[in-house]
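Trainee: Each protein sequence line maps, in turn, to chains A and B. Going from the first sequence to the working numbering is simple: count from 1 and add 4. Going from the second sequence to the working numbering is simple: count from 1 and add 157.
Note that these hints are calculated values from the structure, not bench results. Mixed in with the good hints there might be a few duds.
[Said to hold, decoys possible] Have a look at the derived ranges for each label pair, beta carbon to beta carbon:
#	chain 1	residue 1	chain 2	residue 2	range
1	A	Ala264	B	Gln169	22 to 30 Å
2	A	Ser76	B	Lys197	29 to 37 Å
3	A	Asp120	B	Leu188	44 to 52 Å
4	B	Leu194	A	Lys100	16 to 24 Å
5	B	Leu194	A	Glu129	33 to 41 Å
[To be verified] Residues from chain B that keep clear of chain A, each with C-beta distances beyond 12 Å, as calculated:
#	residue
6	Ser172
7	Ala175
8	Leu183
9	Asp186
10	His187
11	Glu193
12	Ile217
13	Pro235
14	Pro241
For each residue, glycine too, the CB sits at the ideal point set by N, CA and C.
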Amino acid sequence: MHELKVDPEPAAESPPAKRGKAIVITSGKGGVGKTTTTANLGTALAHRGARVALVDADVGLRNLDIVLGLESRVRYHVLDVLEEKVELQEALVHDKHSENLFLLAAAQSREKDDVDTEAMRELIEELCEQFDYVLIDCPAGIEKGFTNAVVGADEAIVVCTPEVSAVRDVDRVVGLLGNKFRPQLIINRVRPLLVQKGKMLSVEDVNSILRLPLLGVIADEPDVIISTNKGEPVALRADSKTGAAYRAIAARVAGENVPAPTVELEAQGFMAKLGSFFGGRR
Amino acid sequence: MIDLFNRLFGKQTSSATAKERLRLVLLSDHLSLAPELVDKLKAELIEVLSRYVEVDRTKIEVNFEQHDSAIAMMANVPILSMHPPKVETPTHPGGGDAPKRPRRRRKRPTATSNPAPAS
Numbered sequence: 005m006h007e008l009k010v011d012p013e014p015a016a017e018s019p020p021a022k023r024g025k026a027i028v029i030t031s032g033k034g035g036v037g038k039t040t041t042t043a044n045l046g047t048a049l050a051h052r053g054a055r056v057a058l059v060d061a062d063v064g065l066r067n068l069d070i071v072l073g074l075e076s077r078v079r080y081h082v083l084d085v086l087e088e089k090v091e092l093q094e095a096l097v098h099d100k101h102s103e104n105l106f107l108l109a110a111a112q113s114r115e116k117d118d119v120d121t122e123a124m125r126e127l128i129e130e131l132c133e134q135f136d137y138v139l140i141d142c143p144a145g146i147e148k149g150f151t152n153a154v155v156g157a158d159e160a161i162v163v164c165t166p167e168v169s170a171v172r173d174v175d176r177v178v179g180l181l182g183n184k185f186r187p188q189l190i191i192n193r194v195r196p197l198l199v200q201k202g203k204m205l206s207v208e209d210v211n212s213i214l215r216l217p218l219l220g221v222i223a224d225e226p227d228v229i230i231s232t233n234k235g236e237p238v239a240l241r242a243d244s245k246t247g248a249a250y251r252a253i254a255a256r257v258a259g260e261n262v263p264a265p266t267v268e269l270e271a272q273g274f275m276a277k278l279g280s281f282f283g284g285r286r
Numbered sequence: 158m159i160d161l162f163n164r165l166f167g168k169q170t171s172s173a174t175a176k177e178r179l180r181l182v183l184l185s186d187h188l189s190l191a192p193e194l195v196d197k198l199k200a201e202l203i204e205v206l207s208r209y210v211e212v213d214r215t216k217i218e219v220n221f222e223q224h225d226s227a228i229a230m231m232a233n234v235p236i237l238s239m240h241p242p243k244v245e246t247p248t249h250p251g252g253g254d255a256p257k258r259p260r261r262r263r264k265r266p267t268a269t270s271n272p273a274p275a276s
């Protein structure tokens, strides 16, 4: 319904000869929205005209195909390519919403330890020759799955929610990544009303601790859940504020100068307004 | 409204509690992440102290402890003599770095006192 029109000319954004950029989306903690972020950032970048490959590195717990609504199209997976059972081109699944978007799914019935780290690095390098952006959806944890997801990346995006445990894990992951990946931060599932009431860590609270370049802030809105239910990334929805937030993140990733990320308070009930009137900021 | 009430009477919000807990847990996380740095700090501490007093290198203890809102370094250094180790001549006529080597008069302490190459 609200889908953005796809530009029929692929790779309008950058010349094809240039090597693309590999970005790993990671967090340490599970369930903070890495896969949703990967799907939406990939979709938004593709709609800007860039050629984008998404790699699900969560071997054994495949989910990126579901979020994109591509689960019925997956025939081969990343391990088939790494073990040279099929060609890379055969394993890439063409997205159904975005012309320039492709998915390399994770193997569902295999284990993370089955992945050869050096082969993974070579695969990401090969993808970088064909695409403008290669987004790698990292599994939770800091074990081999993390190592394999990170090995081929040029940069990192870390996803955090305003919770003590998520911030601690991001801090750990950033320490493990070191300076090489120039990690940037997306704060996900912010609930502005709770922040205002002093019941949730604010964006400033989180980043006063992590001190990372802030790439985006995503509010905790029902439209993300609805989009995931349908397998249609919210970044496709022109009428969604969350979609707009993802498109702004894509613009920043593409190097555009976009105003600093913020979240607004949604329309509130009378009591909430009264509360915020008397309660002040924090 | 309850929250407003709490704020008026100076009760801390849960997000402020969260922030404080996070700050503390990360302080100790960062320290525990770098045991080799603590070893190095210990070795250098011994080296500096040995210029002024003779310390018992085998019994030195360095720990980090949490005190309310801060982390404190607790060093327990048994002193054998209030004089500098004999071998050293602090007012060496030649000056410079000459006395550096003889300063290490005991056998090597547990902590590495060599400038360890990165491994």
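Trainee: Take the hints in turn and mark each one as holding or not.
Mentor: Each hint, compared with the structure:
For Ala264 (chain A) and Gln169 (chain B), the Cβ-Cβ distance of about 28 Å falls inside the hinted range of 22 to 30 Å, so the restraint holds. Ser76 (chain A) and Lys197 (chain B) have their C-beta atoms about 57 Å apart, which leaves the hinted 29 to 37 Å range violated. The given range of 44 to 52 Å is broken by Asp120 (chain A) and Leu188 (chain B), whose C-beta atoms sit roughly 35 Å from each other. Separation of Leu194 (chain B) from Lys100 (chain A) is about 52 Å and departs from the stated range, judged on CB atoms against 16 to 24 Å.
Against the hinted window of 33 to 41 Å, the Cβ-Cβ separation of Leu194 (chain B) and Glu129 (chain A) comes to about 34 Å, which satisfies the hint. Its beta-carbon lying about 5 Å from the closest one in chain A, Ser172 (chain B) breaks the requirement of being farther than 12 Å from that chain. Taking the minimum C-beta to C-beta distance to chain A, about 5 Å, the non-interface status of Ala175 (chain B) is violated against the 12 Å cut. A cut-off of 12 Å between C-beta atoms contradicts the statement that Leu183 (chain B) is not in contact with chain A; the least separation is 6 Å.
The non-interface label for Asp186 (chain B) is inconsistent with chain A: the shortest C-beta to C-beta separation is roughly 7 Å, within 12 Å. With a least beta-carbon separation of about 8 Å from chain A, His187 (chain B) fails to lie farther than 12 Å from that chain, contradicting its non-interface assignment. With a minimum CB-CB distance of about 14 Å to chain A, Glu193 (chain B) clears the 12 Å threshold, and the non-interface call stands. In this structure Ile217 (chain B) is separated from chain A by more than 12 Å, as the shortest Cβ-Cβ distance comes to about 28 Å.
With a least CB separation of 35 Å from chain A, Pro235 (chain B) remains clear of the 12 Å interface cut-off, as annotated. The claim that Pro241 (chain B) lies off the interface holds: its Cβ sits roughly 40 Å from the closest Cβ of chain A, which is beyond the 12 Å cut-off.
Taken one by one, the earlier hints fail for this structure at numbers 2, 3, 4, 6, 7, 8, 9 and 10, listed in ascending order.
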